[in-house]
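Dock chain B against chain A, hints included.
If you read the protein sequences in the order shown, they are chains A and B. The opening residue of the first sequence carries number -8 in our numbering; numbering runs sequentially from there. The opening residue of the second sequence carries number -8 in our numbering; numbering runs sequentially from there.
Any given hint might turn out to be false.
Remember, identical chains collapse to one label, so a pair may be satisfied in a single copy or spanning two.
[To be verified] EDC-like cross-link-like pairs, simulated, lysine to aspartate or glutamate; straight-line CA separation at most 16 Å:
no.	residue 1	residue 2
1	K11	E171
2	K146	E171
3	K11	D97
4	K109	E127
5	K11	D147
6	K(-4)	D202
Keep in mind the hints are simulated off the structure, nothing from the lab.
Number of protein chains: 2
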Amino acid sequence: MKRSKVSNNVIRRLPRYLRKLDELTEAGISRISSSDMGQQLGLTPSQIRQDLSCFGGFGQQGYGYSVPALREQIAAILGMDRGYRAILIGVGNIGHALIDNFCFSDWGVTLSAAFDVKSELIGSSLNGTAIYSMDELERYLEENPVDIAVLTVPKDAALPVTERLIAAGIDAIWNFTNIELTGPDSDVLVENIHFSDSLLSLSYYISERRDEQQTK
Amino acid sequence: MKRSKVSNNVIRRLPRYLRKLDELTEAGISRISSSDMGQQLGLTPSQIRQDLSCFGGFGQQGYGYSVPALREQIAAILGMDRGYRAILIGVGNIGHALIDNFCFSDWGVTLSAAFDVKSELIGSSLNGTAIYSMDELERYLEENPVDIAVLTVPKDAALPVTERLIAAGIDAIWNFTNIELTGPDSDVLVENIHFSDSLLSLSYYISERRDEQQTK
Chain A
-8 MKRSKVSNNV IRRLPRYLRK LDELTEAGIS RISSSDMGQQ LGLTPSQIRQ
42 DLSCFGGFGQ QGYGYSVPAL REQIAAILGM DRGYRAILIG VGNIGHALID
92 NFCFSDWGVT LSAAFDVKSE LIGSSLNGTA IYSMDELERY LEENPVDIAV
142 LTVPKDAALP VTERLIAAGI DAIWNFTNIE LTGPDSDVLV ENIHFSDSLL
192 SLSYYISERR DEQQTK
Chain B
-8 MKRSKVSNNV IRRLPRYLRK LDELTEAGIS RISSSDMGQQ LGLTPSQIRQ
42 DLSCFGGFGQ QGYGYSVPAL REQIAAILGM DRGYRAILIG VGNIGHALID
92 NFCFSDWGVT LSAAFDVKSE LIGSSLNGTA IYSMDELERY LEENPVDIAV
142 LTVPKDAALP VTERLIAAGI DAIWNFTNIE LTGPDSDVLV ENIHFSDSLL
192 SLSYYISERR DEQQTK
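One chain only, chain A, in its complex shape (with noise of 0.2 Å):
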């Protein structure tokens, strides 16, 4: 796929755009004009159209996107058809929520393994996810195609599982660690999942929000 350099923005909003572009598909909508998209998604139309347009236009002027056709082609360009294959490190809560209830497939990544290192978990399976060794893992990451590992390892552990990950050729972490994995020269793709910063941007609405009712 030809691509030019997109700002991180438009990036974070192309999953915002496939979530809506599901909601219309399950509503049974197979079109939708960039200002219906635009009110649904709380953007203007000019943005998604702007959007939209670095990655190609889609989209014809008078009729509108073509629900299904759109949503092939984000998915495409999420990377979403690609069959990437994922690890996970660290069946605690966060790992087994994970196994138990995010459809790995539903975004085109299979989940392929778990590694901890409790011996009751290893051995057994979680809605159909080995669970291995900790011992294991350079083996099963030399005899298996992995993509991105899923790192929900408790902190303490969060550096030194990440040091073996990428000695072993891994270079995409998805981490729910909340430690900051790598420097900025790093070659290795971390994508953060930080609780704390959605539930402080969160407490800063409420708080503009009580701010502006007081000042009424």
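Quick look at chain B alone, frame taken from chain A:
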């Protein structure tokens, strides 16, 4: 606090600044220039100066920022000093993980109670947080000040529980359910944690990198 309208992108960066300042504090660093901070966060110094100037100028030319002073100011901007109180609805894996491992008080929020429908959980407590029956929700909200509802219920329960929360006067929801709770016209502040958005962004960046490597 006097507030001018600040762009969402700036607001979303404030928690990252806060985390960085906490790291610096832990490392015993009490002063930092905008260029050092920029380098560590992957932002330009001018972007940092511009972001912080939205809230009144901090920092001094040639001196940089005082880490503790800036930390305190950003915490105040984010509302961390306002004593917000939260309840959590749904003690499944994610709810459990949040109660056990997410330190709400680190972010200025008190988690005061949890609610569930499972009889084996009701009346027990987890990491100091009492678990009540969902039947007691309205009474609890009448008797206790609550600013934020953390929604960690199964998908099917998301909308009915949200209706109950709104009817009981809750106007800020931290939503882990992956269900869109409100239209753009609603008065309720909803902050969504969409795991899939994060995974798809990572999938995009992996795809971008692989495409670049192929064209080399």
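Results of checking the hints against the structure:
1. Taking CA atoms no more than 16 Å apart as the test, K11 paired with E171 passes between copies only; the shortest distance there is 9 Å, against 31 Å inside one copy.
2. For a Cα distance limit of 16 Å, the shortest separation of K146 from E171 inside one copy, 10 Å, qualifies, whereas the shortest one across copies, 31 Å, does not.
3. Taking the shortest alpha-carbon separations for K11 and D97, only the intra-copy value of 14 Å comes in at or below 16 Å, while the best inter-copy value is 34 Å.
4. In this homomeric assembly, K109 and E127 come within 16 Å of each other (Cα to Cα) only inside a single copy, at 13 Å, whereas the closest approach across copies is 37 Å.
5. With identical chains, the CA atoms of K11 and D147 are never at most 16 Å apart, being 38 Å at best within one copy and 18 Å at best between copies.
6. Taking the shortest alpha-carbon separations for K(-4) and D202, only the inter-copy value of 12 Å comes in at or below 16 Å, while the best intra-copy value is 39 Å.
Hint check: a violation occurs at hint 5 only; the rest are consistent with the structure.
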